[in-house]
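**Q** Construct the entire structure; sequences and hints are all you get.
If you're matching them up, the sequences are chains A and B in order. Numbering of the first sequence is given in my numbering, commencing with residue 5 and proceeding in unit increments. Numbering of the second sequence is given in my numbering, commencing with residue 2 and proceeding in unit increments.
Each hint should be verified, as a subset may be incorrect.
List of simulated lysine-lysine pairs, BS3-like, C-alpha gap at most 30 Å [said to hold, decoys possible]:
(1) B:LYS62 - A:LYS51
(2) A:LYS58 - B:LYS51
(3) A:LYS112 - B:LYS62
(4) A:LYS96 - B:LYS19
(5) B:LYS51 - A:LYS114
(6) A:LYS114 - B:LYS62
(7) B:LYS62 - A:LYS96
(8) A:LYS51 - A:LYS15
(9) B:LYS62 - A:LYS58
Estimated spans, in silico, between C-beta atoms of each pair [what the hints assert, rightly or not]:
(10) B:ALA29 - A:THR99: 23 to 33 Å
(11) A:LYS112 - B:GLU17: 16 to 26 Å
(12) B:GLU17 - A:ASN59: 15 to 25 Å
(13) B:LYS14 - A:GLU102: 38 to 48 Å
No lab work stands behind these hints, which were simulated from the structure alone. The beta carbon of each residue, even a glycine, is placed where N, CA and C say it ideally should be.
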Amino acid sequence: MRHYENLVIVKPAMTAEEIQAVIKNVEETITSNGGEIAATDAMGMRKLAYPIEKNERGYYHVIYYSVAPAAIAEIERRFRINEDLLRFVTIKYDTNREVAAWNGLVEKAKKAAATPAKEETPAEEAPKAEETTEAAAE
Amino acid sequence: MSEKRKYKKRYCKYCEAKVDFMDYKDVANLRFSLSERYKIMPRRLTGNCKRHQDMISTVIKRARAAAFVPYVVTRKKVVPNPFENLK
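**A** As structure tokens, then:
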């Protein structure tokens, strides 16, 4: 088992439930290949630094997991087939120093997920509201 | 006169802060090593040590792949504060 991190960018032109369904599907891909998800971090809707497939924004979601190295090829193949993903980035945490950093990131993600559990729904709504005002300003 | 230093003594900011690992997701920390056109700043200008320069260059390349940081900035897109519009 080796530690990995996957960042996926989901297409923005979907409702919140559809995005959650896509993310659930992504997590299922990992678990069905023998991965153990340690923590997830929903970064939410963000502006992309450059357009990907003509999309200016994307929904960022980070998954920390550990899996046998051989399964990564299959997971990435599935991600490539998935048309709802704009982009995915797989990072390997191999050396002792990197593994320590991975543990730190997992702790941070867990803490972030635990503390604003109640605030999660308004927190999700707040950036959207900002974005709409930005769009109006533009 | 000849013994006087021409330039300020350079030091690695990451060594001073004892950075062991950089995360490609916090864009604000990458700012120091990026030019206003998002190019990776050379070691001779930032004073980074070899180890940290290698780290920062891989981290910036990851951030580019994840669309946190652009690959290229055209003349139209140059802005005075490049990290303002992100996030």
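**Q** Give a verdict on every hint.
**A** Hint check results:
1. Distance restraint check for LYS62 of chain B and LYS51 of chain A: the Cα-Cα separation of roughly 18 Å lies within the 30 Å cut-off, and the hinted pair is therefore satisfied.
2. Between LYS58 of chain A and LYS51 of chain B the alpha-carbon distance is near 38 Å, which puts this suggested pair outside the 30 Å criterion.
3. At roughly 23 Å between alpha-carbon atoms, LYS112 of chain A and LYS62 of chain B fall within 30 Å of each other, so this suggested pair holds.
4. The suggested pairing of LYS96 of chain A with LYS19 of chain B holds, with an alpha-carbon distance near 22 Å, which does not exceed 30 Å.
5. Taking the CA atoms of LYS51 of chain B and LYS114 of chain A, the gap is near 33 Å; set against the 30 Å cutoff, the hint is violated.
6. Restraint check for LYS114 of chain A and LYS62 of chain B: the C-alpha separation of about 26 Å stays at or below 30 Å, so the hint holds.
7. With a CA separation close to 14 Å, the supplied pair LYS62 of chain B and LYS96 of chain A stays within the 30 Å bound.
8. Under the criterion of a C-alpha separation no larger than 30 Å, the hint pairing LYS51 of chain A with LYS15 of chain A is consistent with the structure, at around 12 Å.
9. In summary, the hint linking LYS62 of chain B to LYS58 of chain A is supported, as the alpha carbons are separated by about 21 Å, within the 30 Å threshold.
10. At roughly 25 Å, the beta carbons of ALA29 of chain B and THR99 of chain A sit within the given window of 23 to 33 Å.
11. The given range of 16 to 26 Å is respected by LYS112 of chain A and GLU17 of chain B, whose C-beta atoms sit roughly 23 Å from each other.
12. At about 40 Å, the beta-carbon gap between GLU17 of chain B and ASN59 of chain A misses the expected band of 15 to 25 Å.
13. Taken as a hint, the range 38 to 48 Å is violated for the pair LYS14 of chain B and GLU102 of chain A, whose Cβ atoms sit roughly 21 Å apart.
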